[in-house]
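A.B. asks: Same order as they appear, the protein sequences are chains Y and C. Position 17 of the first sequence, counted from 1, bears residue number 17 in my numbering, the numbering being contiguous throughout. Numbers given in my numbering equal positions in the second sequence, counted from 1, plus 383.
Take these hints with a grain of salt, some might be off.
[Unchecked claim] If you want a taste of the chain Y side facing chain C, the calculated C-beta under 10 angstroms gives, among others:
1) T194
2) L196
3) G204
4) A213
5) L270
6) R274
[What the hints assert, rightly or not] Derived Cβ-Cβ restraints for the label pairs, each shown as a range:
7) D536/C <-> N249/Y: 49 to 59 angstroms
8) N469/C <-> S219/Y: 56 to 66 angstroms
9) K723/C <-> A117/Y: 34 to 44 angstroms
[Unchecked claim] Footprint (simulated), chain C over chain Y, 3 or more residues, beta carbon under 8 angstroms:
10) 205 to 212
11) 215 to 229
FYI, nobody ran anything at the bench for these hints, they're computed from the structure. Bear in mind the structure is a predicted one, so any value in this text is a computation, not a measurement. Glycine included, each C-beta is placed from N, C-alpha and C at the ideal position.
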Amino acid sequence: MKHVLSNRLIWPALVLVALLLANLAFNHSFFNIRLQNGNLFGPLVDILRNAAPVVLVALGMTLVIATRGIDLSVGAVAAISGSWASMHIISSGDPSSVRVVLTAVGVALLMALVAGAWNGFLVSVLGIQPIVATLVLMTAGRGLAQIITSEKILYPDNSPAYKLIGGGYLLAVPFSILLAGIIFGLTAILTRRTALGTLIEAVGVNPEASRLAGIRSRSIIWIVYLFAGLLAGLAGLMLTSNSTSADPNSIGLFIELDAILAVVIGGTSLAGGRFSLAGTLIGAFIIEAMNTFVIQAISARATDVFKACVVIAVMILQSPQARAMVTGAFRGRKRAVVVPAGSVVSPGSAAISAPAPATPDTADGHTAATSDSILTKSSGTTS
Amino acid sequence: MLSNTQSYADSPDGTGDRPVATPIVEMSGISISFPGVKALQNVAFRLFPGEVHSLMGENGAGKSTLIKALTGVYTIDSGSIRVAGNDVLFSGPGEAQNAGIATVYQEVNLVTNLTVAENIMLGREPRRFGMIDWRAMRKHSRKVLADLNLDIDPGSLLESHSIAVQQLVAIARAVDINAQVLVLDEPTSSLDAREVGELFTIIRKIRDSGVAILFVSHFLDQVYEISDRLTVLRNGELVSEHLVHDLPRIDLISKMIGKDLAALDELEEGTKREATERVSGGAFLHAEGVGKTGSIKPYDLEIHPGEVVGLAGLLGSGRTELARLLYGADKNDSGAITIKGEPVKLRSPRIALDNKIAFASEDRKAEGLIGDLTVRANIVLAMQSERGWLRQIPRKQQDELAEKYIKALDIRPTNPEALVRNLSGGNQQKVLLARWLITEPKLLILDEPTRGIDIGAKAQIQKLVASLSDEGMAVVYISAELEEVLRLSHRIGIMRDRVKIAEIVNQGVTVNDIMETIAAEAGQPA
Ligand SMILES: Nc1ncnc2c1ncn2[C@@H]1O[C@H](COP(=O)(O)OP(=O)(O)OP(=O)(O)O)[C@@H](O)[C@H]1O
Ligand SMILES: [Mg+2]
Numbered sequence: 001m002k003h004v005l006s007n008r009l010i011w012p013a014l015v016l017v018a019l020l021l022a023n024l025a026f027n028h029s030f031f032n033i034r035l036q037n038g039n040l041f042g043p044l045v046d047i048l049r050n051a052a053p054v055v056l057v058a059l060g061m062t063l064v065i066a067t068r069g070i071d072l073s074v075g076a077v078a079a080i081s082g083s084w085a086s087m088h089i090i091s092s093g094d095p096s097s098v099r100v101v102l103t104a105v106g107v108a109l110l111m112a113l114v115a116g117a118w119n120g121f122l123v124s125v126l127g128i129q130p131i132v133a134t135l136v137l138m139t140a141g142r143g144l145a146q147i148i149t150s151e152k153i154l155y156p157d158n159s160p161a162y163k164l165i166g167g168g169y170l171l172a173v174p175f176s177i178l179l180a181g182i183i184f185g186l187t188a189i190l191t192r193r194t195a196l197g198t199l200i201e202a203v204g205v206n207p208e209a210s211r212l213a214g215i216r217s218r219s220i221i222w223i224v225y226l227f228a229g230l231l232a233g234l235a236g237l238m239l240t241s242n243s244t245s246a247d248p249n250s251i252g253l254f255i256e257l258d259a260i261l262a263v264v265i266g267g268t269s270l271a272g273g274r275f276s277l278a279g280t281l282i283g284a285f286i287i288e289a290m291n292t293f294v295i296q297a298i299s300a301r302a303t304d305v306f307k308a309c310v311v312i313a314v315m316i317l318q319s320p321q322a323r324a325m326v327t328g329a330f331r332g333r334k335r336a337v338v339v340p341a342g343s344v345v346s347p348g349s350a351a352i353s354a355p356a357p358a359t360p361d362t363a364d365g366h367t368a369a370t371s372d373s374i375l376t377k378s379s380g381t382t383s
Numbered sequence: 384m385l386s387n388t389q390s391y392a393d394s395p396d397g398t399g400d401r402p403v404a405t406p407i408v409e410m411s412g413i414s415i416s417f418p419g420v421k422a423l424q425n426v427a428f429r430l431f432p433g434e435v436h437s438l439m440g441e442n443g444a445g446k447s448t449l450i451k452a453l454t455g456v457y458t459i460d461s462g463s464i465r466v467a468g469n470d471v472l473f474s475g476p477g478e479a480q481n482a483g484i485a486t487v488y489q490e491v492n493l494v495t496n497l498t499v500a501e502n503i504m505l506g507r508e509p510r511r512f513g514m515i516d517w518r519a520m521r522k523h524s525r526k527v528l529a530d531l532n533l534d535i536d537p538g539s540l541l542e543s544h545s546i547a548v549q550q551l552v553a554i555a556r557a558v559d560i561n562a563q564v565l566v567l568d569e570p571t572s573s574l575d576a577r578e579v580g581e582l583f584t585i586i587r588k589i590r591d592s593g594v595a596i597l598f599v600s601h602f603l604d605q606v607y608e609i610s611d612r613l614t615v616l617r618n619g620e621l622v623s624e625h626l627v628h629d630l631p632r633i634d635l636i637s638k639m640i641g642k643d644l645a646a647l648d649e650l651e652e653g654t655k656r657e658a659t660e661r662v663s664g665g666a667f668l669h670a671e672g673v674g675k676t677g678s679i680k681p682y683d684l685e686i687h688p689g690e691v692v693g694l695a696g697l698l699g700s701g702r703t704e705l706a707r708l709l710y711g712a713d714k715n716d717s718g719a720i721t722i723k724g725e726p727v728k729l730r731s732p733r734i735a736l737d738n739k740i741a742f743a744s745e746d747r748k749a750e751g752l753i754g755d756l757t758v759r760a761n762i763v764l765a766m767q768s769e770r771g772w773l774r775q776i777p778r779k780q781q782d783e784l785a786e787k788y789i790k791a792l793d794i795r796p797t798n799p800e801a802l803v804r805n806l807s808g809g810n811q812q813k814v815l816l817a818r819w820l821i822t823e824p825k826l827l828i829l830d831e832p833t834r835g836i837d838i839g840a841k842a843q844i845q846k847l848v849a850s851l852s853d854e855g856m857a858v859v860y861i862s863a864e865l866e867e868v869l870r871l872s873h874r875i876g877i878m879r880d881r882v883k884i885a886e887i888v889n890q891g892v893t894v895n896d897i898m899e900t901i902a903a904e905a906g907q908p909a
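The shape of chain C in the complex, shown without the other chains (with noise of 0.2 angstroms):
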């Protein structure tokens, strides 16, 4: 049990710069229950006008929940919630809105077959004598973007650009509203390094101008960069709130996972990683010259049993791409691959597959997983298709996988009958891995694998690639985060422009290197 003490840290008055201001939004005795699952057990909450407000918890803890609460997609059972003053109770996300409350949520829910103008402009579309005023549209989208320093094409339609594309879109979309409150749950969780960047400046221009900004996110460097206070959920618990500065940040994670940092310091260490090449004997899978017109240029690719091969570029430099044509879930117009010295064509996700390969997708909403399956049934999906219909896995062999894979990679609530969309992101995420585990690939393309994954489940994540592979997995490992990469990988390939531009031996290479090689590269005629 958590004390009932919930330490308030000095409101901002004490703080000097910002102004002085009351609460804009301030929620108490929240509480919602969901069946079988306490999401929320009296937490209270408040966001000041002019600050950055971190929300910050395990995965699974309720922060995605407490935002819901708050711009009315959920119910709350008990509870108030005060918005500039009054007390409020929305009906939905459009009133939130309408009452000054933008928000991005964590899974990106705009219109996927419209345009980025149109998603940008959805429901406030400038009219002309009545009409959609297309031009005025695209005219005023391009400048939203272009504030950000986002170089996307206006009239290009949504889905056609990757799932941290998206998420910029819906940023610049909330960023455009003009809100008092800015809601962004995970907004970074596939941005790069430089995307961060853009936004975070962005985030301090309307903080300064008085806007309140509640932001979450797993990465702590960006928590400390960014916030001024944040507010700790356990378990669905508050915890505590703090002046980011007066809390270190040991503290701070001894907080969230309720236990002291030991374990995860074991983690951590179980993931330093021995540089060696693995080149000995055949290589498992080799691309040569495979590309696809449109999509990334050709490259060449050798993957060996029990070898990590990273993938380091920036958004948009063609890594999701490359990963999909080894895995057949595009086919590639040039080039050809081999298998343990056999030729394959991979031409369906079915033959990579029955090949061993797997293929865990960053887009676990729209690529990954069936919502409105079971926690279960999505773990033992890839299997069972494997298998064939006609063969299906035993009812106990399935729960006993996952059971297994719940324990394994600590999947809450542990209840393998959950619908896998009311668990949380990073949860979700979980299921996603467990799924491709099970089928024992012989070759394992992850994608961001550990997007929207809490530092203690991060770390257990990267020390069980790091086993995978040394019981003799080849893995391909994709991570907007250079230090993962360059944590697991034996080899990096970096990209650039939908080029595989070099091949590095991961040996005494820094984060700075890579991102001088892309740069380098940038400058010469490629």
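Isolated chain Y, as found in the complex (with noise of 0.2 angstroms):
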């Protein structure tokens, strides 16, 4: 119990439970796969295809995230590609010509890298603060990717091949989650079979510590807001491929919120550091399911407001400040209680009692302690 209980993962997975049973109290069919010609159809199917580009687009983001960083420019990047392909598309004499479709694809994410390794240049090379450095491909994206399309709305639905991406099955599943499963199996290999993840992971907790212990961090920096670029754009694709229409403007629009929703819910740290794959997965299928239970249970109006409560919901299981909350309230219950001295604690409330593990700025101990200022600022600089 308290092994699984102190399992980061723990409170995403049991919020996405939650999500999906509620789901199932209004609709009784929501567990429902059935095959219809040959291929997987049903609520559950159409949540995970939905989540597709935002599970791709967060997976970038969790890696940036863990640097410290913050990728604004998913979303516009996502833009530029899916609208440079869809266009190329059209604009090309033989629409469902898969050589036209792959030349686009690949055109779209070369794009994609080019406006990554801008970021990165910005970040790690000048310097610029993330959030900065971002937002100047955030708003400058959507300008280029409607200067691409001339600002026409874009129908690329007449080329089969470029409809695979995002709306086409693949062994009877949805080519999108095959995808998006494959782009999670090799970020994963990318980053825990190699050294990346951990030396990624240093970067964000201590920069200083890591250029001294000898980690090039500026390529580390380099690197993840690539994957981050290449990332928005195959989502780009994806969403292109599976509307009737690809207008620049709305490719993607607030896709970076979900994503870094998708991270913070699945207990990547905005403050950098250590971050989790599984986590950010969960995150996403969080944000798919509860767009489906709001639209089907209250209306489609309702889904910010809804959203915003599911994310406190989640921020405050896992705040530290929170926790040391509930650990105050147990703790005042054992006051009354009498202990004696020297027993046994059961390894229940051990691990509630011993707040430290998870809250390393209130551990560490602040010789002062008297404003919330000094936690944040110092958690900025010394953490």
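Need the complex rebuilt from these two chains, each delivered in its own frame; the hints are there to steer you.
C.D. replies: Rendered as structure tokens:
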């Protein structure tokens, strides 16, 4: 029990299960999956499919956030890549040609990489704050996408090869789900089978100590922005291929916020450091399951408000202060009970009464700790 | 197992000159456990007004944890705490401070991007018409610092100062709070003899005014000089409490380590060095006129394989600055460095690492360890970055390396998957050393490597450095403890005011000789 509760993924996972059950309460066939024309269909499949682009963007975002950065430009990058690919396919004579589609995809992804390289350059070489650096492309990117498409609204829907990316099936499973799954696996291998994950975490926790340990933090940071750009580009392709319109103004609009949310819900701290890809995956599913629930149970208009509520709930569950308050409540109770000195305390209560592991800042003990500003400021520089 | 007889020394009533009183702090039956670690088990502790009470024990014995239990940083699993006769259970350090307990924690935790004055007055800012009165703040801070005989500009940013100065600022802050209880967890770990002297003068002054002082240090000389009483912990358990003049050092040490002294003596023996100059063959590194404006004046230095070059000097004399240039942590703007006769530009730590140079910073928290990563990850970090991120050190090899060094340096707890930030201060220091040792450097730069390390482990580390140099490693050794520098070095560079003023071969040199050199040079215009 102690072990399970100390696992950081447990809370997001419980929230996801709760959301799925809530969905089931409104739609009794929610868990049904049926085979139609040899392909899988059902609400759960829809959730997975809708989550796929967010998963992609959020995976890139996870690594960026782990280095203490943030990438606000992912939505714009998705728009650039998606609209350029659509544009290229439509304006080529033969939209159904696989070669045309492959070229479109290849060039679009290259553009996304260039965008990522630009962000990485601003952050790692020029040392600009990530939020400012990526704001540049966030605003300029959509403008760029409009210039590319000459502000036309695009309909790339007579290209089966392109359609496959976001709307097609392979081996009975939606292709986008497979793609997101593969990318998830590759990201896990890239970060955990190489030393990249550890080095990213080191740079995120303590940049100066990392530098003195000989880590080339500049290239590490560059890599994560490149990666985030590439995945945003892929998400852009997925989004445009799955819709009937590709308006550069709406492709991937606010997807950066969903991605950041997924990352944070998944337990990766915005202060950088340790990250969890599985947590991000769960986070993305939570967002989709929530959207589905709100649309059927309340109304589409309430989505944002509801989303905010779930976010607050998850944040509170993860906040060290809130946990300390829970701990305090338990301690209050413990004080009332007479605990014989030296008696063995049950493992459960020991886990609760030792807040230290989850709270690096409070555990270190501040000389003053009289104001909150100490916590926030020092965590920015010394944690 | 320890015996359950917790022998209490006579209460101060018997000591005569101290005021008769009841304890201001009384802790009993304190137990705290963390996942997998019983940090404290049924520990009792008491502190009287007007005494300096030292808390003694090896690294990881539970000293800092007992302090944090008192000040409410940690929640106790069981036991009771009485302060001034009332049962208390502080929910955080702020509460403890309000109740009259001022604390300097082992890992100095001030706000580095604020000024010295702001740090001293944080949370207690003088106000005028509801607004912070900056002038009064600076004026008061200057006075506080002057009382400690410190020459620090209150308007300077804290981060621009060395760890030693930051430690002094934390002490100044705590002293200024005018509490009934002053807790100092290893306040002297990076201070020179002079600052220690100043600190002790202040401690005596406030002790005589009736303040109770809890003091932690691994320097036995300091403990015997300043304290009236001491409490010994071992492995999270109380061993005993004594009046200092009743307990010979030898007995204290054996109480702390739980064995007799033979083992320690053997270690000490091993580090006695022959001060033969090892200049046969070419130098490993040669620095000529290397300096950095505003940081350190150009200096020359030659280090040969197998040679230990010690750096001696007072606080702020430029020892760390010199070392950082040799590692590329800072870039020199004058002079040139050659390694084995080849000119190299040490533009970054990475380039130094590729040239087989290693540097263990004195500031393990800000510049050394990655607190949120495991002991294993921290130990292999430099080796990993040397290999590049694509070639991960196989997990099995990581485990073997971690295990080997956990054993060699006696890092506790022995679990390689423990998060470094949960280790005791001394054990963290050992992890940092392990990281650099496994890179098998040709030149190892150690800046205060024994900071916060207990006496047993200190002797062990000194012995290790000696044997590494015997095997051909070049070492630059910086320590505020001159005896340590003298014991290990073949040659000693003496620094003052960011200038290397002399270099001597360590033959028949004494601490006094070095102090005199520093003082004599100070008299003449450099
Ligand atoms: N937050 C924590 N989480 C887990 N274990 C901890 C935590 N804090 C301390 N410990 C463990 O408790 C034990 C006692 O640590 P403590 O810091 O009190 O030692 P110490 O006597 O101050 O040692 P040092 O001389 O090295 O400073 C150690 O084994 C340490 O690893
Ligand atoms: Mg300690």
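A.B. asks: All hints are to be evaluated individually against the structure, with a verdict given for each.
C.D. replies: We went through each hint and held it up to the structure:
| no. | hint | in the structure |
| --- | --- | --- |
| 1 | T194 | 5 angstroms, holds |
| 2 | L196 | 5 angstroms, holds |
| 3 | G204 | 9 angstroms, holds |
| 4 | A213 | 5 angstroms, holds |
| 5 | L270 | 14 angstroms, violated |
| 6 | R274 | 6 angstroms, holds |
| 7 | D536/C <-> N249/Y: 49 to 59 angstroms | 55 angstroms, holds |
| 8 | N469/C <-> S219/Y: 56 to 66 angstroms | 58 angstroms, holds |
| 9 | K723/C <-> A117/Y: 34 to 44 angstroms | 38 angstroms, holds |
| 10 | 205 to 212 | holds (count 7) |
| 11 | 215 to 229 | holds (count 3) |
The structure is inconsistent with hint 5 alone, although it conforms to all the rest.
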